[in-house]
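Colleague: Each chain, written out:
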Amino acid sequence: MNETMTHRLLVVDDSNVIRRRIERVQDLPGIQFVGAARNGREALEMHEKLRPTIVTMDLTMPEMDGGECVARLVERDPDILILVISALADKLTAIDAIEKGASGFLCKPFTDRQLNNALRKLIE
Amino acid sequence: MKTESEVNVFVDGVLNYFGTTVQQVAECGTPYLALSRTPEISDYTGMIRISGKRDGVVFFTAPKSMLCVMLMRMQETDMSHDNLCDLVGEIANTLSGNARRDFGHQFNISVPAVVHGRNSTVDYPPNTRAIVIPIEWRTYHARLVVCLN
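Protein chains in written order, with our numbering: chain A, 1 to 124; chain B, 125 to 273.
Here chain A stands alone, though its shape is the one from the complex:
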């Protein structure tokens, strides 16, 4: 990945409020929102169609949780950048997400600035 490319962002969260908020407040010039999924299963289906290069991923979701989805997305695309955004605030959860292939971890609740800083770190 280089800094001049436009990243295609897929947002994965079971909360509509959070999905819309991430879409609304992310304002980095190198990132284009391409879609949103409500759980891991939907995210895998949308990955096939939309080919995102960057994903924000909740962990606690119905049908397929974020941890399993991170592992399966990285298996499909080792270059994909995944920012896990979760309320699960213990260190082991963050470590587990990174070991599954996530590139970063942001704890809920978050400010608009914290979200953009976390996304910026991923693409730099």
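Everything labelled a hint here was simulated from the structure, so no lab data went into it. All values derive from a computational prediction rather than experimental measurement. Possibly wrong hints are sitting among the right ones.
Stated by the list, open to error - Selected chain A positions facing chain B (Cβ under 8 Å, derived; list incomplete):
id	residue
1	D14
2	R20
3	L44
4	L88
Claimed, not checked - Sample of chain A residues lacking proximity to chain B, with all beta carbon distances greater than 12 Å (derived):
id	residue
5	D13
6	I31
7	E42
8	L50
9	E68
10	V74
11	D77
12	D90
13	I95
14	K100
15	S103
Even for Gly, the Cβ is constructed at its ideal location relative to N, Cα and C.
With chain A held as given, fit chain B onto it using these hints.
Modeller: Chain B in isolation, oriented as in the chain A frame:
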């Protein structure tokens, strides 16, 4: 709930949530033991089941008007019933999930369940008492109820 420090984990979570998400501080009143087996609930209630290291339920209950203003503070324009349910569930999820920082990795939380209406009831684990944390934000009153054995 065993100690004051455990209650404070949730109080700190509430203060952090409001300060961060809607960027206006909330105040928590003195937590108290619910006298009734079924504490009073408000218009919208988000519930999280806890399992693993602890067993129980955590729920956040708030009036519709408060949730609408919170959405506005988040620049959200959709004030539909579905979005209010979504928000109250997400708040319960966030406050419960944040507690893992202190309760540990085995403090497992469910996806949120949401009930609408003040006449709804919430089930508690047997042989437990609920601790009610009153929340004041702007002119609104909400409650976080924590019931863990």
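Colleague: Are the hints correct? Go through all of them and say.
Modeller: A quick look at each hint next to the structure:
no. : hint : verdict
1   : D14  : holds, 7 Å
2   : R20  : holds, 6 Å
3   : L44  : violated, 18 Å
4   : L88  : holds, 5 Å
5   : D13  : violated, 9 Å
6   : I31  : holds, 18 Å
7   : E42  : holds, 14 Å
8   : L50  : holds, 23 Å
9   : E68  : holds, 14 Å
10  : V74  : holds, 22 Å
11  : D77  : holds, 27 Å
12  : D90  : violated, 4 Å
13  : I95  : violated, 10 Å
14  : K100 : holds, 15 Å
15  : S103 : holds, 21 Å
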